[in-house]
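Here the sequence shown is numbered in the working numbering, starting from 80 and rising by one per residue.
Treat each hint with caution, since some may be false.
Straight-line Cα separation of at most 30 Å, DSSO-like style, residue types lysine-lysine; simulated pairs [said to hold, decoys possible]:
id	residue 1	residue 2
1	LYS330	LYS279
2	LYS330	LYS294
3	LYS330	LYS248
4	LYS292	LYS260
5	LYS292	LYS206
6	LYS292	LYS323
7	LYS311	LYS177
8	LYS188	LYS260
9	LYS294	LYS248
10	LYS260	LYS294
11	LYS294	LYS188
12	LYS206	LYS323
13	LYS330	LYS179
14	LYS248	LYS311
15	LYS294	LYS311
16	LYS248	LYS292
17	LYS188	LYS177
18	LYS188	LYS279
19	LYS323	LYS179
20	LYS330	LYS260
21	LYS260	LYS206
22	LYS292	LYS330
23	LYS330	LYS311
24	LYS206	LYS188
25	LYS323	LYS188
26	LYS206	LYS330
27	LYS206	LYS311
28	LYS279	LYS248
29	LYS188	LYS330
Keep in mind the hints are simulated off the structure, nothing from the lab.
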Amino acid sequence: MLFYFKSFLCIFIAVVITFYHEDLSRLRNWTFSGRERTILAIGILSARENFELRQAARLSWLQKYSSRNSDVKAWFIVGNNSCEIPPEYRLNEYGCEKWKVNLSGLQEKFFTANEIRTDNCSSNLEKHFYGGFSFQVNYPVVVTQLGILSLLLLQNSETNVAIMDPQSKEIIVQASVSLNKSSVVHGYLYADVDPILLPKNFEGMILVEGYLKDKACLDIVWNDGGGIITFKRVYSTPEHLDCKVFSSEVKIALSIRFFVPGCTSIMIFHIS
Numbered sequence: 080m081l082f083y084f085k086s087f088l089c090i091f092i093a094v095v096i097t098f099y100h101e102d103l104s105r106l107r108n109w110t111f112s113g114r115e116r117t118i119l120a121i122g123i124l125s126a127r128e129n130f131e132l133r134q135a136a137r138l139s140w141l142q143k144y145s146s147r148n149s150d151v152k153a154w155f156i157v158g159n160n161s162c163e164i165p166p167e168y169r170l171n172e173y174g175c176e177k178w179k180v181n182l183s184g185l186q187e188k189f190f191t192a193n194e195i196r197t198d199n200c201s202s203n204l205e206k207h208f209y210g211g212f213s214f215q216v217n218y219p220v221v222v223t224q225l226g227i228l229s230l231l232l233l234q235n236s237e238t239n240v241a242i243m244d245p246q247s248k249e250i251i252v253q254a255s256v257s258l259n260k261s262s263v264v265h266g267y268l269y270a271d272v273d274p275i276l277l278p279k280n281f282e283g284m285i286l287v288e289g290y291l292k293d294k295a296c297l298d299i300v301w302n303d304g305g306g307i308i309t310f311k312r313v314y315s316t317p318e319h320l321d322c323k324v325f326s327s328e329v330k331i332a333l334s335i336r337f338f339v340p341g342c343t344s345i346m347i348f349h350i351s
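Take the sequences, apply the hints, and build the full model.
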């Protein structure tokens with residue numbers, strides 16, 4: 080039995096060597112050329128219409144990666160077809176899917192939350208309120224006010240509320256809210272801020288610096304301005320360590336007032 084196996088193995092090896100003789104000869108004679116070595120390959124996503132930007136890159140910082148002796152190579156990755164949807168109306172900057180807006184709910188100015196009072200209230204009907212939420216901007220908006228639900232504010236205290244960039248941890252805008260100095264709109268106390276533009280695709284988090292009551296006997300309605308922003312997650316602790324995925328059923332202590340500069344343009348584009 081062993082004899083037959085050895086015979087078969089020898090015949091098999093001979094066939095393989097004969098069949099791949101030319102390739103094996105090339106492999107034996109191959110020598111490494113340092114000029115062909117590539118340690119890092121970089122792919123750069125670019126839209127087809129950005130030809131001038133690609134040319135500027137090729138004539139500046141990208142030149143050092145075009146040398147044959149460079150061990151780092153960089154290429155642009157360009158789609159096969161151009162996107163006919165203007166960038167401001169795309170769902171994201173890397174795709175060509177049209178951002179869907181709810182025209183019936185589209186508003187030039189809107190608050191992200193509104194209070195709904197209940198007629199009967201007892202301790203067992205109180206609902207838990209989350210202390211902050213994160214969101215994504217689908218179209219450029221201007222922040223004009225920040226607010227806190229009035230029933231959750233502690234007496235004789237001023238509470239700071241802020242919008243933060245969760246990536247850089249930078250405070251984008253903040254305000255101090257109190258029962259005596261702030262104006263009430265739909266149950267939320269609002270304080271003015273210096274208007275600041277949040278660009279499309281900006282992801283932010285609104286948080287409170289301090290402590291609030293976490294229960295109240297009322298309900299609230301979320302408002303995304305017809306799709307101008309997307310709510311992402313809600314946070315329950317002052318440190319914003321505990322969070323859950325957004326649901327319209329959860330209650331929120333904070334609110335933002337937005338102004339949409341191009342509201343009319345949005346309506347015209349989506350109707351046409």
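Evaluation of the provided hints:
Among the hinted pairs, LYS330 with LYS279 is consistent with the structure: their alpha-carbon atoms are about 26 Å apart, no more than 30 Å. In summary, the hint linking LYS330 to LYS294 is supported, as the alpha carbons are separated by about 9 Å, within the 30 Å threshold. Straight-line distance between C-alpha atoms of LYS330 and LYS248 comes to about 25 Å, which keeps the hinted pair within the 30 Å bound. With a CA separation close to 19 Å, the supplied pair LYS292 and LYS260 stays within the 30 Å bound.
Distance check on the hinted pair: LYS292 and LYS206 sit about 11 Å apart at the alpha-carbon level, within 30 Å; holds. Between the alpha carbons of LYS292 and LYS323 the distance comes to roughly 19 Å, so the proposed pair stays at or under 30 Å and holds. Of the supplied pair hints, the one linking LYS311 and LYS177 holds, its CA atoms being roughly 20 Å apart against a limit of 30 Å. Our distance criterion of 30 Å between C-alpha atoms is met by LYS188 and LYS260, whose separation comes to about 22 Å.
About 28 Å separates the Cα atoms of LYS294 and LYS248, which keeps this hinted pair within 30 Å; it holds. For the hint linking LYS260 to LYS294, the alpha-carbon distance of about 23 Å falls within 30 Å, and the restraint holds. Between LYS294 and LYS188, the direct Cα distance comes to roughly 28 Å. Compliance with the 30 Å bound is thereby established for this hinted pair. For the proposed pair LYS206 and LYS323, the alpha carbon gap of about 16 Å is at most 30 Å, so the pair holds.
Pair hint LYS330 plus LYS179 holds up; C-alpha atoms about 25 Å apart against a cutoff of 30 Å. A hinted pair counts as satisfied when its Cα atoms are at most 30 Å apart, and LYS248 with LYS311 qualifies at roughly 17 Å. Distance restraint check for LYS294 and LYS311: the Cα-Cα separation of roughly 22 Å lies within the 30 Å cut-off, and the hinted pair is therefore satisfied. At roughly 25 Å between alpha-carbon atoms, LYS248 and LYS292 fall within 30 Å of each other, so this suggested pair holds.
Among the hinted pairs, LYS188 with LYS177 is consistent with the structure: their alpha-carbon atoms are about 23 Å apart, no more than 30 Å. Distance check on the hinted pair: LYS188 and LYS279 sit about 17 Å apart at the alpha-carbon level, within 30 Å; holds. Distance restraint check for LYS323 and LYS179: the Cα-Cα separation of roughly 25 Å lies within the 30 Å cut-off, and the hinted pair is therefore satisfied. With a CA separation close to 24 Å, the supplied pair LYS330 and LYS260 stays within the 30 Å bound.
Restraint check for LYS260 and LYS206: the C-alpha separation of about 27 Å stays at or below 30 Å, so the hint holds. Distance hint between LYS292 and LYS330 is fulfilled; the C-alpha atoms sit about 13 Å from each other, no more than 30 Å. Distance restraint check for LYS330 and LYS311: the Cα-Cα separation of roughly 14 Å lies within the 30 Å cut-off, and the hinted pair is therefore satisfied. Distance check on the hinted pair: LYS206 and LYS188 sit about 28 Å apart at the alpha-carbon level, within 30 Å; holds.
Pair hint LYS323 plus LYS188 holds up; C-alpha atoms about 28 Å apart against a cutoff of 30 Å. Restraint check: the Cα-Cα separation between LYS206 and LYS330 comes to about 8 Å, which is no more than 30 Å; the hinted pair holds. Between the alpha carbons of LYS206 and LYS311 the distance comes to roughly 21 Å, so the proposed pair stays at or under 30 Å and holds. The hinted pair formed by LYS279 and LYS248 meets the criterion: a straight-line CA distance of about 19 Å does not exceed 30 Å.
For the suggested pair LYS188 and LYS330, the alpha carbons sit about 22 Å apart, so the restraint of at most 30 Å is met.
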